[in-house]
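Participant: Single-letter residue listing:
2 protein chains.
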Amino acid sequence: MKTIKYMIPLLLFFVMTGKGVNAQAPDAYEPWRAAWLRKAEQAKPTLISRICKPTAKAEVVKDSASYQGWKVVKTDSPDRLYRVSLKETKSMIADFGEHITGTFSCVFDTLGNISDAPVRLRLTFAEMPAELGEPFDPYSGGLSRAWLQDEIVTIPYLPYTLTLPRRVSFRYLKIELLASSSYFDLCIADMQTTAVSCVSTPEIEPAAETDSLIRKINDIGLATLKECMQTVYEDGPKRDQRLWIGDLYLESLANAYSFRNDSLTKRCLYLLAGLAREDGTLNSNIAEMPTPRAQNSVTLDYCLLYNCALLEYLKNTGDRETAADLWPVALNQVRLARHYLDDSGLYDTSVQPQLWLVFDWKDNFDRHASIQGLMTFAFSETCRLARLLGKEADVKELPALIKKMKKASRDFFYDPKQGVFVSGNNRQISYLSQAWMTLSETLPLRECAQALSKTIRNPEACYPGSPYGYHYVIEALIKCGLHAEAKQMLTGYWGGMVEKGADTFWEVYDPNDDRRSPYNSHLVNSYCHAWSCTPVYFINKYPEIFQR
Amino acid sequence: MKTIKYMIPLLLFFVMTGKGVNAQAPDAYEPWRAAWLRKAEQAKPTLISRICKPTAKAEVVKDSASYQGWKVVKTDSPDRLYRVSLKETKSMIADFGEHITGTFSCVFDTLGNISDAPVRLRLTFAEMPAELGEPFDPYSGGLSRAWLQDEIVTIPYLPYTLTLPRRVSFRYLKIELLASSSYFDLCIADMQTTAVSCVSTPEIEPAAETDSLIRKINDIGLATLKECMQTVYEDGPKRDQRLWIGDLYLESLANAYSFRNDSLTKRCLYLLAGLAREDGTLNSNIAEMPTPRAQNSVTLDYCLLYNCALLEYLKNTGDRETAADLWPVALNQVRLARHYLDDSGLYDTSVQPQLWLVFDWKDNFDRHASIQGLMTFAFSETCRLARLLGKEADVKELPALIKKMKKASRDFFYDPKQGVFVSGNNRQISYLSQAWMTLSETLPLRECAQALSKTIRNPEACYPGSPYGYHYVIEALIKCGLHAEAKQMLTGYWGGMVEKGADTFWEVYDPNDDRRSPYNSHLVNSYCHAWSCTPVYFINKYPEIFQR
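Just so you know, the protein sequences line up as chains A and B, in that order.
Here my numbering is used: position 545 in the first sequence is 1003, and no number is missing along the way.
Here my numbering is used: position 253 in the second sequence is 711, and no number is missing along the way.
For reference, chain A alone in the conformation it holds in the complex (with noise of 0.2 angstroms):
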């Protein structure tokens, strides 16, 4: 059942990789398209290099009160990672004590006699201490194999400077030797990683009589957001490498009150537009090599993200030329939108095609709620980007429509004796379905405030299954004042990945379920995930919550 459940979003997708509704002959931004994406180009960062190189020689061990069941022991120095026999150790673990993600390199030498044949060895590049611990094979993940970061390497001579092709991600690197000669021997005699991201320093940080575990969830959160922030912002730098909008928009929320490269920023968003289909919706997703190319995906929760993360840059920067540019590309993921919505202003779950909504990754998770408020949320948010553009004639109708959609809201999905919002035929209550719907301000925010409240004091509750559907619980808490409880989920629930070890945040994580994965395999989660990085936009931005 497992296996169906996590390939349920997946099988969405591939409906929704035809042509997206409302086509337009031929293409909707062709007068822009080239001058978007000449200026997606030309704020492209510049990366900052650093060279990295091993804090400890370290193993890795099997222990069941650590996550996931491993922990890494610091051994000894990282001196006694060189000049050591690989035939006599076979396998050595070097701790770079961080998170980094860049250039692998490293030197090879014998020990004595000249090499008379050539070398094979397994580089293990590890975000996680069970990536050092369990093999990847057989691998029983939904993703493609080649994400795991092995791979096995011929030194045809020594010595020998081995530099991989591969970008890779990770804290801990493990060397297996798989072949040598019985003629001589050999060593590492160095090793480095270029480290890159296009952000160093943040301009912003919590006052220094900040309590600790918010610190350091404000540190965790900044190493994520900086190890995402590549020349675009990624998802995640394991995997999948790629800017998807729901990260962008929170990475770029983060970023705005913490490294403020609102350039990074201005690029994404151009990108996005300089690839969205030829009908004006947007695809969720965009890779950058060899050249930027979108994926052929649309997912309608992310198209209208787009809008949110657009009128931030806006009042974050007051770049007003850039987000005129994109204001046809924000009103054609309203139109998208409205398509799905049936007369009485609810989002129909029958209308084709069927777009993957992403929301969380969670089983069993029923979106019809959450899909409503995000719409709501969005359209409102659209409004008050055509207010600051002055074009609101461009979108005059809206605000009567979002009023209609929040009395179809009310009607179907609040169920006033419970005195919550439910999803779906089972009437699920879930903490997401709350959070739109307060985002939206569905109902007047005490009101939400008590749907929420109960929400997450009741255990059977669905509760999100990863950092980015908290991000949106959290939101919802503050927006309607439920501030102890928001620092509260924000202490509980990233404090549980500091307790347990995290370098970074990651991309799923279920306090119940250290092994969790919508990918069926925990070696393939990404540990590193840029839409866990939002404490820091928190902590930030509200200090008055957060930092007393």
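Treat each hint with caution, since some may be false.
Just so you know, same-sequence chains aren't split out, so a pair can sit in one copy or run between any two.
Lysine to any residue pairs mimicking SDA-like chemistry, simulated, CA-CA at most 25 angstroms apart [said to hold, decoys possible]:
{"#": "1", "residue 1": "K674", "residue 2": "P748"}
{"#": "2", "residue 1": "K502", "residue 2": "P857"}
{"#": "3", "residue 1": "K865", "residue 2": "L789"}
{"#": "4", "residue 1": "K674", "residue 2": "E943"}
{"#": "5", "residue 1": "K999", "residue 2": "R868"}
{"#": "6", "residue 1": "K545", "residue 2": "I610"}
{"#": "7", "residue 1": "K502", "residue 2": "Q810"}
{"#": "8", "residue 1": "K548", "residue 2": "P596"}
{"#": "9", "residue 1": "K545", "residue 2": "N978"}
{"#": "10", "residue 1": "K548", "residue 2": "T533"}
{"#": "11", "residue 1": "K548", "residue 2": "Y597"}
{"#": "12", "residue 1": "K545", "residue 2": "A942"}
Hints in this document: simulated from the structure, not taken from any laboratory.
Following the hints, put chain B in place on chain A, whose structure we already have.
Facilitator: Chain B alone, transformed into the frame defined by chain A:
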């Protein structure tokens, strides 16, 4: 037992890695070493490149009638390798139509959707069909598993041009898809190998009317030699990729009757001298990368063959300067060898350190008579070299010693009743004992001819295990006038490889055992091996024997 047998040469090899005999303080070649290495560098040839593409799509088929039980069948034109779904085919074999050595690169592309994940592939480069048909693991061989030419690569995105850092040597390439994403399919868009050699076209070739099998043997011998002629005379481009004295000797003989790249011979003679031990002894082999260095090993037969190679070089080129430069090296090899002679002029098998004697790859072959004969032969050749250089005074005691050695040989190894030379406690009758006693003219040539003739007609006699061994037998047959037998042996032995589909001649070939390997794995044998190229020398040096 097999395991123990094939390890014996290796064991001797290790015994001998200490300092050689006759150590002189501090460096016998101090005045010249730097100049020798400089001259070696100056004589380094420029490699000639050519682009090679697959000539067919192929499959490998189990076939008990084929060599080693496998045959490659061409299934399609080479264009069917391209733009074909790798997800459907899973595995594809490209036949490049000839043995090539060089740098492989391949362009991978997506079929349709953009690549959303890396791809993992295994590329297996094969000289022989068995390398395509049989799994490499578990590996039973005594040499490094890393010699086997399978590389596991990660393609980070598509389109992507992969260029393997490792030089490969192969005819066939198998490409297997190990991991990919469900979201896109991929294909090969193009592939090629930049093949290299320092030679291209021979200056000498057999007459047009030469028998077609002889012409074929000559062609394959030329291909073998060309593949091994890189920036040194390599023993084999797949394995060991090194300059060994024994291979140099035979390659330079064949080169003198084909490509005539005398500069390469000069380079190798200087390299070996420049990297000899401080006591004057030559090391058996040299690795070029990353900078030329000698393997710490001495093989007595190879040391002595250096003198023979130097003489041949002088005779073929008239380059007295080089020969005179390197004369001290020749003298030192004679001095080393004399250490192993007892007062009667017999090679004393108890003298320490015991040196590895190569001669052949053949289990149980007794080398005593052969080393005695080779030493006598090499001393005679050194005297000839001395005469050409006017250095007779340096070796004035040698002629008497040679005489004494021949007498000792006759007394100790010749069995007048049987009319053959025997060797070892079991009085083994081997082809090579007769060959070396013939080449050294230990008996009048008529008696040598009888010994050889009897031996090759004796089904119990120990026949050579390698083309290297057969070379000396054929040279001996020619020397004592057994021309028909020489031709028959050449067409029988090398013709056997031709019949079994050789593109290049093999390191090891036993007509009675397809899977013979000195390394306990026929997969790690070299199937393009320099020491098997000498039909080129015989056919073109002795046209009256082979070309009519």
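Participant: State whether the alpha carbon distance between K548 and T533 is at most 25 angstroms within one copy, between copies, both, or neither.
Facilitator: within (16 angstroms within a copy, 43 angstroms between copies)
Participant: Using 25 angstroms as the alpha carbon limit, work out where K674 and E943 are close: within a copy, between copies, both or neither.
Facilitator: within (19 angstroms within a copy, 86 angstroms between copies)
Participant: When Cα atoms must be at most 25 angstroms apart, do K502 and P857 count as within-copy, between-copy, both, or neither?
Facilitator: Answer is neither; intra-copy 37 angstroms and inter-copy 81 angstroms both fail.
Participant: Which holds for K865 with L789 at a C-alpha limit of 25 angstroms: within a copy, between copies, both or neither?
Facilitator: So K865 and L789 pass the 25 angstroms test inside one copy only (23 angstroms; across, 105 angstroms).
Participant: For the identical chains here, do K674 and P748 meet the 25 angstroms Cα criterion within one copy, between copies, both, or neither?
Facilitator: neither (37 angstroms within a copy, 47 angstroms between copies)
Participant: 25 angstroms Cα cut-off: does K548 pair with P596 within a copy, between copies, both or neither?
Facilitator: both (22 angstroms within a copy, 18 angstroms between copies)
Participant: Is it within a copy, between copies, both, or neither that the alpha carbon of K502 lies no farther than 25 angstroms from that of Q810?
Facilitator: neither (37 angstroms within a copy, 70 angstroms between copies)
Participant: Can you tell me if K548 and Y597 fall within 25 angstroms by alpha carbon in one copy, between copies, both or neither?
Facilitator: both (24 angstroms within a copy, 17 angstroms between copies)
Participant: Taking 25 angstroms as the upper bound on the Cα-Cα distance, should K545 and A942 be classified as within, between, both, or neither?
Facilitator: neither (57 angstroms within a copy, 53 angstroms between copies)
Participant: With identical chains treated as interchangeable, where does the CA-CA distance between K545 and N978 reach 25 angstroms or less: within a copy, between copies, both, or neither?
Facilitator: The answer is between: 21 angstroms across copies meets 25 angstroms, while 36 angstroms in one copy does not.
Participant: If the cutoff is 25 angstroms on CA atoms, where do K545 and I610 land: within, between, both or neither? Let me know, please.
Facilitator: both (17 angstroms within a copy, 22 angstroms between copies)
Participant: Can you tell me if K999 and R868 fall within 25 angstroms by alpha carbon in one copy, between copies, both or neither?
Facilitator: So K999 and R868 fail the 25 angstroms test inside a copy (30 angstroms) and across (101 angstroms) alike.
In summary, the structure is inconsistent with hints 1, 2, 5, 7, 12 from the numbered list given earlier, while agreeing with the others.
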